[in-house]
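Asker: Read off the chains here:
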Amino acid sequence: MKLARTAILAIASVSLGSAAIVQAQDQTEEPEMSELERRLDVDSVLFNATIKEEPDDDLLELGRLVAMGSSENGGSGMACITCHGVDGEGDGSGAFPRLDGQAGWYMYKQLQDYASGDRPNRVMSGIAQRLTEREREAVSAYYAAMPSGDLDTAHGSMDGTLLQWGGQLAAVGSAEKGIPACVNCHGAQGTGLPPSVPYLAGQYAGYMELQLELWTDGTRDNDAMDVMSTIAKKMTEEDMRAVSEYYARVSNPATDGAEAQAEYDMPAAE
Amino acid sequence: MATELPKTDVVIVGAGWTGLAAAKELADAGQRCVVIERGDWRHDATNFGAPEEHDELKYARRKEHMIDTPTKTLSFRNNSDQTALPMRRLGSFLPGKGLGGAGIHWNGQLWRPLPSDLQMRSHYAERYGESILDGMNVQDWGVTYDELEPHLDFFDRVCGTAGVAGNLNGETQEGGNPFEGPRSADYPNPPMKASPPLQMFRDTAAQMGYNPFHMPSANVTKAYENAYGAQLHPCTYCGFCERFGCGYFAKADPIICIYDVVKDHENFELRMNSQVLRVEKSADGKTATGVTYIDENGQEVFQPADTVCLNAYALWNVHLMLVSGLGTPYDPETGEGTVGRNYAYQTIAAASVFFDENVWSNPFMGAGALGMTIDDFNGDNFDHTDLGFVGGGYISANQTNGRPINYQPTPPDTPSWGAEWKQAVRESYLHHVGIVCHGSSVAVPENYLDLDPTYKDAYGQPLLRMTFDFPENDRKMSAYVLSKAEEIARNMDNVRAVGTVNRAAEGESYSVVPYQTTHNTGGAVIGTDPATSVVNRYGQMWDHHNVFVFGACLFPQNLGYNPTGPLMGLAYWTLDHMKNDYLQNPRPLMDA
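Note that the protein sequences, when read in sequence, are chains A and B.
Going by this note's numbering, the first sequence opens with residue 1332, and the numbers climb by one from there.
Going by this note's numbering, the second sequence opens with residue 11, and the numbers climb by one from there.
These are computed hints drawn from the structure, not numbers from a lab.
Here the structure is a predicted model, which is why all the values come from computation and not from measurement.
For each residue, glycine too, the CB sits at the ideal point set by N, CA and C.
Check before you lean on any hint, since a few could be wrong.
Simulated restraints on C-beta separations [said to hold, decoys possible]:
#	chain 1	residue 1	chain 2	residue 2	range
1	B	K232	A	S1527	43 to 53 Å
2	A	T1567	B	R72	51 to 61 Å
3	B	A429	A	H1486	30 to 40 Å
4	B	E181	A	Q1460	43 to 53 Å
5	B	M375	A	T1550	46 to 56 Å
6	A	A1426	B	D196	21 to 31 Å
7	B	T93	A	Q1499	46 to 56 Å
8	A	A1502	B	E157	30 to 40 Å
9	B	D274	A	Q1499	20 to 30 Å
10	A	A1502	B	E276	31 to 41 Å
11	B	G101	A	S1527	49 to 59 Å
12	A	T1492	B	P200	41 to 51 Å
13	A	T1567	B	R167	22 to 32 Å
14	A	T1567	B	P414	32 to 42 Å
Negatives, chain B to chain A, calculated, CB over 10 Å [unchecked claim]:
#	residue
15	D54
16	P96
17	D341
The whole structure should be built from the sequences, with the hints applied where relevant.
Answerer: What follows is the structure, encoded as structure tokens:
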């Protein structure tokens, strides 16, 4: 089943596809719930979105409310969409990753870890603590079910050699430095391995670079067995920048169905 | 005429665990080492990364990391009355090739021998009387557990072994293996996780009065800097250990643990794609002068050396000795000669446990050494009086993988194909665990290695010929240990069916076709008597004092454990005596 991407969201200003243009958020518009529910018929989307059980329309509806800033306890105090966007597109500042189509369980675990302090973050900890368990599940499922694709973000000009090095680290790692390849866990195309491993393809370079730095200094250590710290500590700042800039340029497969995914067999750096 | 190269101090045949350990230790001791390896250069980062490495068809079925049988194989028969035929496909065992050798595609189950294992003849003779060993070539190793302990401990710190100590300096520890020899230090890393079936095995075994513990694992559980300063990463339980390299730097292997810290050493040189043909001897035959090999360009060259280290796979070490005329070949008619004598294997049986839908095993989350084990029926940990056999094995619920081609468990009496089979796989895949009986193997006069009279390899050399069948002793042992495993399986909760398989069942001959284990042992055994051993207790050949031998070919008989731990303990023991005694004054370290 291939859904026409433009039919998925009732946001007139967003035309999706490989040349998607994300405009300034218009919060008066909301994703059409029925379209998000229909996407749950696609196995890959469902698997991506599954938290503890299969999401249903109630969960997605609640997730939408949480994203808009409402919740059982009178709201988290902030709407997710304020920073991460109504479509989950985030921004390139380095602080706000894109969430659209990200692995649902992964996002749910991050919320749990923000709340508990396992992933320290002054902004997110307070927000996550004010959400109930079910609200964390709901908003994670909601963004996981959101269709993703390439953002039309402007990548700064980049030294080709450095980009090439980033691609090499991603694909085969470094025998000299003892760095395993990113594709080991994050998938051949950088699309992650739901439920627990997030995608890197099309994520903001600034965000990924910052996370690698946080792993290096031990601020972040909430992944399974702290594997990422071990890896990040072997990387130089240049390595981090190279691999982050590389993945930011890898095409993020449109997640509106299996057919669409097949079009992205060969990701390539720009 | 072979080209003669400049002489080196030490030539090392094979770049696996023992070869690279020898190179590292001897290079540090000031010896110029040349390592000769038949296979390709490779590295964990560049060659073993997922998703390419997680190709079950390529690596597990087509065995890309293993020896090429069209180039190098052996011939096989069950007994001397048969005519051996070449093994044209790998099956029962899987020797490796390339940098890291079989240490790349192992599971990482890292054991120590029991103290009594190393003194098997004297131990059994003392406890039960010598006659219990009638008809067997069971021998003492000539080296004791206490002597090997520092070296076993060192190798634990090379691998970052994960586990729970059962005996720390003589004090029994809760949760460990109470039968193990004393450890001078705890495991470097905490044990692996226990999946639900492993927890059930642990609880059931404990209720039955046994002593369950986490299998010692070289799948590293925390970020770890090893004894050489190499960095290892935590295991992700991806389920691709055995038959695969580990791209996560999580399964200790010879490349990341040793090669990376010796590769730039001024005394280290590695020559890949080079096939050693034979060890050359001096005119008087008392010493070796070096090795002749075919280099990467197909040229035959001679590498002279003061010292020769044989670090090939157990079987190929024996083959090299036989084709080089090192030592005296074993003659089964007279019982004389030692090279090829005491070949032994591993006696494998298993119980297959099928749970109902309430128990989820999720086998795709596994690791090569993810296991819960009891050692109550291994070695001489139990009374053998009137049992009619010696030896034993560990019983272990293992969750190594759930790979799609090979992992299709079905309960007994399921058809082997068709709709019913598919239904059974669907029902069983997520609700199953295997319990392996990893049994010892005694040496008997009838089982041995020699050269095949008919078949030759790609280099024109006669094939190694293996003559082997399971000794009666081991068949009895296997049936006994399997019955204990089955009993545990049936006592577990939520079990709807239990199947068993016994490779050494009465009435069935050993077959080289179904995979069992790559634990071939013996053929060049260690000891204190030149009439029954090829090397002295330091791993030095009796007949050629500048030839040192490494690996499982040294085992006088096979113990109930995986061989990597014991053979690496022996390797570091030998290297210790080379560095601190032999090299200063090259001579026989023991009087014949």
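Asker: State for each hint whether it applies.
Answerer: Against the structure, the hints:
1. B:K232 x A:S1527: 43 to 53 Å: Once the Cβ atoms are compared, 19 Å apart, the range 43 to 53 Å for S1527 of chain A and K232 of chain B is violated.
2. A:T1567 x B:R72: 51 to 61 Å: The hint (51 to 61 Å, Cβ to Cβ) is violated, given that T1567 of chain A and R72 of chain B are roughly 38 Å apart.
3. B:A429 x A:H1486: 30 to 40 Å: Since A429 of chain B and H1486 of chain A have Cβ atoms about 53 Å apart, the given range 30 to 40 Å is violated.
4. B:E181 x A:Q1460: 43 to 53 Å: holds, 46 Å
5. B:M375 x A:T1550: 46 to 56 Å: violated, 28 Å
6. A:A1426 x B:D196: 21 to 31 Å: The hint (21 to 31 Å, Cβ to Cβ) is violated, given that A1426 of chain A and D196 of chain B are roughly 43 Å apart.
7. B:T93 x A:Q1499: 46 to 56 Å: Holds: the Cβ-Cβ distance is about 54 Å, inside 46 to 56 Å.
8. A:A1502 x B:E157: 30 to 40 Å: violated, 47 Å
9. B:D274 x A:Q1499: 20 to 30 Å: Taking Cβ atoms as reference, D274 of chain B and Q1499 of chain A lie about 21 Å apart, which means the hint holds.
10. A:A1502 x B:E276: 31 to 41 Å: Since A1502 of chain A and E276 of chain B have Cβ atoms about 32 Å apart, the given range 31 to 41 Å holds.
11. B:G101 x A:S1527: 49 to 59 Å: At 37 Å between Cβs, range violated.
12. A:T1492 x B:P200: 41 to 51 Å: Holds - the Cβ-Cβ distance for T1492 of chain A and P200 of chain B, about 42 Å, lies within 41 to 51 Å.
13. A:T1567 x B:R167: 22 to 32 Å: holds, 28 Å
14. A:T1567 x B:P414: 32 to 42 Å: Check passed, 39 Å falls within 32 to 42 Å.
15. D54: violated, 7 Å
16. P96: holds, 37 Å
17. D341: Given that every Cβ of chain A is farther than 10 Å from that of D341 of chain B, nearest at about 48 Å, it holds.
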